[in-house]
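There are 2 protein chains.
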Amino acid sequence: MAKKGEFTVTPWEVSGNVDYDLLIKDFGSQRIDEPLRQRIKKLAGGELHYMLRRDLFFSHRDLPWVLDEYEKGNKFSLYTGRGPSEHTHIGHLVPWFFTKWLQDKFNVPLLFQFTDDEKYLFKDKLTRKDTLEFSKENMLDVLAVGFDPKKTRMIVDTKEIATLYPHALDVAKKVTFSTAKAVFGFTNDTNIGSIFFTSIQSVPAFLPTIEKGKPVPVLIPCAIDQDPHFRVTRDVAPRLGYPKPAMLHCRFVPALLGPQSKMSASDPVNTIFTTDAPEEAAKKVMRAFTGGRATVAEQREKGGNPDICSVCQYLNFLFEPDDKKLKERFEDYRNGKILDGENKAYLAEKVKAFLKEHQRKREQARPLVEKLFEEK
Amino acid sequence: MAKKGEFTVTPWEVSGNVDYDLLIKDFGSQRIDEPLRQRIKKLAGGELHYMLRRDLFFSHRDLPWVLDEYEKGNKFSLYTGRGPSEHTHIGHLVPWFFTKWLQDKFNVPLLFQFTDDEKYLFKDKLTRKDTLEFSKENMLDVLAVGFDPKKTRMIVDTKEIATLYPHALDVAKKVTFSTAKAVFGFTNDTNIGSIFFTSIQSVPAFLPTIEKGKPVPVLIPCAIDQDPHFRVTRDVAPRLGYPKPAMLHCRFVPALLGPQSKMSASDPVNTIFTTDAPEEAAKKVMRAFTGGRATVAEQREKGGNPDICSVCQYLNFLFEPDDKKLKERFEDYRNGKILDGENKAYLAEKVKAFLKEHQRKREQARPLVEKLFEEK
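Just so you know, the sequences run in chain order A and B. Each residue of the first sequence is one higher than the last, beginning at 1 in this note's numbering. Each residue of the second sequence is one higher than the last, beginning at 1 in this note's numbering.
Hints are computed from structural coordinates only; laboratory data are not their basis. Fair warning: this is a prediction, and the values are worked out from it, not measured in the lab. Treat the hints loosely; a few may be bogus.
As the list makes no split between identical chains, a pair holds if one copy fits it or if it spans any two.
Said to hold, decoys possible - Derived DSS-like pairs: lysine-lysine, alpha-carbon spacing no greater than 30 Å straight-line:
1. K136 <-> K25
2. K212 <-> K125
3. K361 <-> K283
4. K324 <-> K214
5. K212 <-> K174
6. K72 <-> K324
7. K136 <-> K283
8. K356 <-> K371
9. K244 <-> K129
10. K174 <-> K350
11. K136 <-> K150
12. K129 <-> K214
13. K123 <-> K214
14. K212 <-> K123
15. K244 <-> K151
16. K125 <-> K214
17. K129 <-> K212
18. K136 <-> K174
19. K125 <-> K244
20. K125 <-> K324
21. K136 <-> K159
22. K72 <-> K244
23. K72 <-> K283
24. K123 <-> K41
Between the sequences and the hints, there should be enough to build the whole structure, so can you do that?
Rendered as structure tokens:
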């Protein structure tokens, strides 16, 4: 739990103006520095994902060890997930796009967990049916992102609980309420399911080792708010005879309202969902908070600030993978050459085109998802 | 949790000289009185089990409601269980014998739960394999007691977790750490699995209603130390739209060492296991704590005290269902006519004969148990 006066970062709340340097210090993770980036680039076949080039994935735990093992021929497994409390919004896609890149470049398997139990336990208003239904909806997005179905295993907690529960007991037996309280900020009013839940989120980090019967490195790319869960996982791992999972942390995608929070499903008007009608999403973009000035004349004269501009940041995180183009646009925005209206229209077109294609792939994935849900 | 200076009664610890009147007051349950006994007798076809006649089952919650429903044609389901931390000892058989009587007399189904997860979480030294193995061993005893396999459903928690977990989440969402702390005496050092566990023990109380899709009364016969779990269950039930399970509580069978504690697997020398060689069990009886005097002469003169005599109490709880014979023996013991050696030898013969027959039935049940464990 990080509650630093100015900002809060827990798996269930991100608010305020996040100071990522302070967060790294507080969480005790490592910066991804240039030598490490170059090492990843080399092993990935000479290419570096724009999220690494742009420091959007900015922090890690034990990544060099994962790469050492990879060089020795001991391939890692990827593990990431989704808390199915709502439809997917485009902020969620950031770690997924990156995870797909890792899967493709390193040719490794992925465990993708849908924590329907967690979201039911933590969200008063959601029913079990709701979170199961959102698992299904979110899974359509995961498949639309293009993960190789042959190398990707989907785990919906309540559907695979027979596999997860025995190992979750192993974790739970080693974690006291004191620890859970310190890591997650639980109180006496927290329900006993929420207290237990982190045990379930630990298991996919151990499954590759359990199922192969030998130590398999696991790499978890995720937004940094999920780190507390995996601190528990990493603490428990050696006591259960498993390797500690490594981590790759990304920053939060700012909301359309500006840099003070991450995009959130609890604010649907200012959040772009993958299920939004493309025209509706475009309208949301046109209402976005920007880094512009009060008047056109002022912006022409003094320029805008791309660092606090949601529109610029959406291009940075998701919609302009070309560094050169992004740099030019940011410069033009900073010196008043590009105005907000034009910038928004530019992003809106990209968002519309993306959603149209994504929604097509989403529907293509539906028969497979229906099949996965029927089988279990 | 009842910690009353003189004695402690929790699902995980029973010690001291239990004051059952104080316990009823503290737990807030009801005494089984003569009119209620007569009502049970009538509905059971004119017979009353000796454990009711002797006030060994002495306390209840909502039993009249269960009988009302039964009279209206709405049959109840029975639910009891076993924490598989060790081999079964003969003390465990008390509620099982009684439950079988209820099943036979009222012709009702039984859910029998084996909480292998609980025992793993609460007992440091036990592995998951241990508690699963003891579930199997204990199940042999359950079947040897003679429950009708057609009307009895065995639930081993880790094997049926796919059925239990979703409903356990419903319970867990409604129970705060405060409540769990107050009911069970948990501390900050309690592991997060133990904190969650009571949710799993609640589920079989709701399964008949869930599976039938209409309210089914559930009656839970058990030793009174299990009551705290079901207080949580009963508290949560109406908030989930289920009827509160009714309870029937029995006293603890004293250990061979005397009335200060219940028989416990942690003291194997003074506990008779159903797997003990009959001759070995007979030797344990011969070493038992009695209500006798320092010398034979003194006992002949002043007599013994059957109330604190383990040997007499074993006859009372398990091995002398004939009230007249028991009364005569107790009188003869009290007036010095029967001495300890003779009394022990009398019980030892009964125990030997029982174990021989029980162990035969146990082995007869093995193929069915192996099958049940393979299937799931």
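Consistency of the hints with the structure:
{"no.": "1", "hint": "K136 <-> K25", "verdict": "neither (37 Å within a copy, 50 Å between copies)"}
{"no.": "2", "hint": "K212 <-> K125", "verdict": "between (39 Å within a copy, 26 Å between copies)"}
{"no.": "3", "hint": "K361 <-> K283", "verdict": "within (23 Å within a copy, 75 Å between copies)"}
{"no.": "4", "hint": "K324 <-> K214", "verdict": "neither (45 Å within a copy, 66 Å between copies)"}
{"no.": "5", "hint": "K212 <-> K174", "verdict": "within (23 Å within a copy, 38 Å between copies)"}
{"no.": "6", "hint": "K72 <-> K324", "verdict": "neither (36 Å within a copy, 80 Å between copies)"}
{"no.": "7", "hint": "K136 <-> K283", "verdict": "within (27 Å within a copy, 63 Å between copies)"}
{"no.": "8", "hint": "K356 <-> K371", "verdict": "within (24 Å within a copy, 53 Å between copies)"}
{"no.": "9", "hint": "K244 <-> K129", "verdict": "between (33 Å within a copy, 24 Å between copies)"}
{"no.": "10", "hint": "K174 <-> K350", "verdict": "neither (48 Å within a copy, 45 Å between copies)"}
{"no.": "11", "hint": "K136 <-> K150", "verdict": "within (19 Å within a copy, 38 Å between copies)"}
{"no.": "12", "hint": "K129 <-> K214", "verdict": "between (37 Å within a copy, 20 Å between copies)"}
{"no.": "13", "hint": "K123 <-> K214", "verdict": "between (37 Å within a copy, 27 Å between copies)"}
{"no.": "14", "hint": "K212 <-> K123", "verdict": "between (35 Å within a copy, 28 Å between copies)"}
{"no.": "15", "hint": "K244 <-> K151", "verdict": "within (22 Å within a copy, 47 Å between copies)"}
{"no.": "16", "hint": "K125 <-> K214", "verdict": "between (42 Å within a copy, 24 Å between copies)"}
{"no.": "17", "hint": "K129 <-> K212", "verdict": "between (33 Å within a copy, 19 Å between copies)"}
{"no.": "18", "hint": "K136 <-> K174", "verdict": "between (32 Å within a copy, 26 Å between copies)"}
{"no.": "19", "hint": "K125 <-> K244", "verdict": "between (35 Å within a copy, 24 Å between copies)"}
{"no.": "20", "hint": "K125 <-> K324", "verdict": "neither (45 Å within a copy, 61 Å between copies)"}
{"no.": "21", "hint": "K136 <-> K159", "verdict": "both (12 Å within a copy, 25 Å between copies)"}
{"no.": "22", "hint": "K72 <-> K244", "verdict": "within (18 Å within a copy, 59 Å between copies)"}
{"no.": "23", "hint": "K72 <-> K283", "verdict": "neither (51 Å within a copy, 63 Å between copies)"}
{"no.": "24", "hint": "K123 <-> K41", "verdict": "neither (40 Å within a copy, 49 Å between copies)"}
Hint violations for this structure: numbers 1, 4, 6, 10, 20, 23, 24, all remaining hints satisfied.
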